[in-house]
Amino acid sequence: MTTFSPRRRAGADNSFLAGLQKKLPDFAPPIIAIAIFLAIWQLFSLTPGATLPGPIQVVQDTWILIFWPFYDRGGIDKGLFWQIFASLQRVAISYTLAAIFGIGLGILIGTSKLMSKALDPLFQLLRTVPPLAWVPISLAALRQNEPAALFVIFITAIWPILINTAVGVKEIPSDYNNVAKVLQLTKKEYFFNILIPAALPYIFTGLRIAIGLAWLAIIAAEIVMSGIVGIGFFIWEAYQNNNVSEVILALIYIGIVGLLLDKLMAWIQTLILPAEQK
Amino acid sequence: MSVFVAVDQIDKVFNLVGGGQYIALKGIDLQIKKGEFVSLIGHSGCGKSTLLNMIAGLDLPSEGIVTLEGQRITKPGPDRMVVFQNYSLLPWRTVRENIALAVDAVMKGAPAKERRAIVEKHIDMVGLRPHADKPPGMLSGGQKQRVAIARALSLRPKLLLLDEPFGALDALTRGNLQEQLMQICQENQVTAVMVTHDVDEAVLLSDRIVMLTNGPESKIGGILEVDIPRPRKRMQVVEHPSYYSLRSEMIYFLNQQKRVKQIRARKKTAVARHGLEKVNLEIGFVPLTACAPLAIAQEKGFFTKHGLDEVTLVRETSWRGIVDGIAGGYIDAAQMPSGMPMWLTLGGHQDKPIPTVTALTMTRNGNAITLSKRFYDQGVYNLTDFKQHLLRTRDQRHTMGVVHPSSMHSVLLRYWLAAGGIDPDLDVDVHTIPPAQMVADLKAGSIDGFCVGEPWNYRAAEEGIGFTAATDLEIWLGHPGKVLGVREDWAAAYPNTHIALVKALLEACYYCSLPENAEEIRQILARREYVSTNVEYIQLIDPDSTSCDLGSPMREYAHHQFFSEAAINRPSRTEQTWIVTQLARWGHTPFPRNWVEIIERICRVGVFSTAARELGLDVSYTRQPLKLFDGTVFNADDPLGYLNSLPIKRDFSVAEVILDAPIRRAA
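Just so you know, the sequences run in chain order A and B.
Numbers 1 to 278, taken from the working numbering, label the letters of the first sequence in order.
Numbers 1 to 667, taken from the working numbering, label the letters of the second sequence in order.
Looking at chain A on its own, in the form it has when it is part of the complex:
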C-alpha cells in the first residue's frame, strides 16, 4: 500500500494536468478567436476617421461601470447590475405569464380540433409581428410605460410556447393514448399522467426559444419607453449622451445575460426530462 500511495498522488496531479491538457483543445480556439477579434477591432479603431472606440478605449471609458456595478445614486442613475436586474424582473413577470397562457392555450388547441381550426390562422398571423411593432399599440392601449413593456415581452414570448405546446399535444404517440383508453383513465389522470409528460419535450423547446425572444423584446421595449430603469433604456441614454463605450459595454452584458438565460433553461430541461425523451 505504501508503495502505491505516492504513486497515486503523483497520478492525481498528473490527472489534473492531463485534464487541463485535455480541455486545452476546447478552450484554446475560442480564446484565440476572441483575441484576434479584439486585435482587429483595435486596429480598425486606430484608423483615421474611425467613429467607434477600440476595446482599450471602451475599458478606459467604462471602468467605473465595470468595477462598481452595484452603485445606486437614485433615479435612473444606477449600476449595471441594477439595470440588468430591473430588466430581468420584467422578463420574469412577462415570461411567466406567457408560459402560463401559452401552455394553456397550446393544450387547448392541441386537444380540440375545432379550436385548432378556429385559432390557428389568427395565431400564425400574430406570431410574425416583430416585437418593436407591438410597442406603439401597447403604449396606446395601456398608456403607461411599465405595463406596456411587460405586454411587449409577453406578446413576443407567448408564440413559441403556444405553438410548440400545441404540436407536442397533437404529437402524443397513439400508443400512449391507446394505453390511456384501455385503462379508461379519467380526464384528470390523462392530463397529468400522459398529456403533460408526453408534451413536455415540446413545451421545453418552446420555453427555450421564448426566453431568448423575451430578452430580445425587453431591449426593444425599454429603448422606446423613456425614464425607466433597465438595460434597454441605459443603452438608449448612453447613445443620447454620446457615450458609445457604455453602449458597447451594455451590449456585451446583454449578450452574456442572454447566453446565461438560455443555458439556464437547457439545464432545467435536463433536470426534468428523462433521458429517453430528449
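Calculated from the structure, these hints are not laboratory results.
DEER-style ranges, computed between Cβ atoms:
| # | chain 1 | residue 1 | chain 2 | residue 2 | range |
| --- | --- | --- | --- | --- | --- |
| 1 | B | GLU179 | A | SER174 | 25 to 33 Å |
| 2 | A | ASP26 | B | LYS134 | 31 to 39 Å |
| 3 | A | SER116 | B | THR317 | 53 to 61 Å |
Here are the computed lysine to aspartate or glutamate pairs in the EDC-like style, where the Cα-Cα straight-line distance is at most 16 Å:
| # | chain 1 | residue 1 | chain 2 | residue 2 |
| --- | --- | --- | --- | --- |
| 4 | A | LYS181 | B | ASP59 |
| 5 | A | LYS188 | B | ASP104 |
| 6 | A | LYS181 | B | ASP79 |
| 7 | A | LYS187 | B | ASP104 |
| 8 | B | LYS108 | A | GLU189 |
| 9 | A | LYS181 | B | ASP104 |
In this text, a Cβ means the ideal position worked out from N, Cα and C, and glycines have one as well.
Based on these hints, arrange chain B on the given structure of chain A.
Below, chain B without anything else, positioned relative to chain A:
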C-alpha cells in the same frame, strides 16, 4: 365450455382519403373459449391487428358485433388489456410507476396497500425486481416487453390481447419470453388472443391458430387446432408428431396466400388462336422425374407445335397445391397422381365433388417404397421382416410418408402393407408429406419410411439414409403413375385445346421413351425450374434394364415408362375402377353406387384416341385384368365384390355420388 369471446360476422371498411373504400375484413366469425390461447396469423396487411383492435374496442367493426361474456364491446376497457407491439410504456415513469399507474387507475376501490402488493407481485412475476426503479429507457427490449406483460396481467384482465408481442426481439430473448408467457397464462388461466407472423411461435403458444387470408376482404382461411399437450417446452414441442404438420400447414397456407395475390394481380382471359379456344395455359406440376413429359413438351416445343403458344408450367411443391389450383380454377391442367381425378370427382377435397377428367396417362412405374436404413441394419429386408419387426416393437410409433391420399403411392403403400397383414391405419401412421421433403424427414427420423416417385427413393438409397424395400416390380409392374387432369367444365369449354394438349404431351411422352434422349432429359429435369436436384439422382433408363450396381441396399428397378406400343398412355377404365375400390377401402371417399357412370365420365378415352389418331399412332388396345404382386386378380366387372373380399379395410360407405350435369361454358 361456453363461448367467452364471440366475433360475429364482422366487416371492417376503411374510408380512403381519395374517397374510395377499403374493405379490410369481411365476414369474420370466431368463438373463443375461456382459458384458450388463440393466435391470428397472416401476411402483413391482412387485417389481423385490426381484428385484435376490434376485440380490444380500440376500433369498432363496420358490420357485426364482438361480445365478451355476452356483453357487446363498444369501447376499450381494462378487462381486455392489450400488450402492444412497441411496449407503449411511459418513458417518464419507472417500471414500478408504469405498472402502478395501471393498477391505480383500474382498481380505484382497493386500498393503497393492496394495490402496492399487486404491483410488487407482478414485478416479481416477470423477474424485474432489480430494475423496478429504472425508467424504460434503461431497459432492453425484452425487459420492456416483460414490463408491458406485467402491467397487462396486473389488471387481472378477462382477456389478454397481444399484438406481435415478440416481433421486435432477438431470437434468444423471444424464446425465453414465450416460455414465460406460456407459464403465466397457464398458471393464471388467462384467455389470450395473439397476433403474430411467426409460425413457430403460433404453434408453441396456441391452442388454436386462426389463419387469415390476404386483404382486401380478408377472411378466416382456416383454423388449426394445436393438439400438443401442455405444459409445453420449446425443445419438446418440436419433437411432437403434430408439430411439423401444423407448421407446414401454416407455411403452405401463407405461401398459397402469396400465390393467390400474384394470381389476382395477373389478369387472365382466354386467348384463342390457331382454331384453339385457349392457348394461354397454366399447367401445374410437382417436381418429380415423372414431370418429364411436361418439361420436355415445354423445352422441346411440343406445346408450340400443337398451337399452344403460351403455356406456363406452374411448379407446386406438393400435390395439395395442385388440388387447390384445380379447385380454385387458377390452373388449367395439371400433372396428377393417377387417383386424383377420381378422388376429386368423388368429393375427396372438402367433401365437395369437383368433376375432373383424364385423357392421358403420362407415366407408369417409377415408384418405390423406401424404409429407413435403421430397419435394414436390424435385418428387415422385405415385407415379412417388416411385419415381424412391427410386432416386436408395438410400443413405438411407426410413421410412413405418402404424398397425397389419392396418389398411387398411398394406395400402393397401403396395399403392400395390407397384403403383408399390416393395417396401414392401426399398425402404422400414414402421413401426408410433400415429395421433396421425404428424404429430409427420413433423415430427421420423423418418418420411418415412405412411398414416393423418383428421384427420392433413389436419392435416399444413394445417401445411405434408407433402402428400397419394394419397387413396382414387386407390387404392380406397369401401374399408372401420373396422369393429365383437367376439370370437366374446362374440358367442355375448351375441347380442341384439350386434344391439342394431349397431343403435345403424348408426343413428349414418346420423346421421353427414346433411350437416345435420356441424357438430355436428365439434364433438363435437373434444372432449377424443374426437379432442381443433382443430375445423378435422375435415372431414365429403359425399365427392363438395370441402371446401376444393384447390390444391396439397391435392387432391381422399375423405371419410368413414358410410352410404348401397347397404348400405355390410354386412360384405363379398369385401373380407375381399381382406384375407386382402393379409395373406398381406406375410407377416403365413399364407393359410388353409380360407379359405371363416374368412370365413364372420368376416362376421356375419346380425347385420347382422337389425339393419338391425329398423331398417327397405333391405338390398338386389349383389355386385361389387373394382377398385383399378391396374386389377387381384380375383376373390373364386380368391384364391390372385390372390395368385400379384401381382409383389411375400413368401414366404407356406398353412396350415390351426384355430379352436376356437364355444362358447356359460354366461351
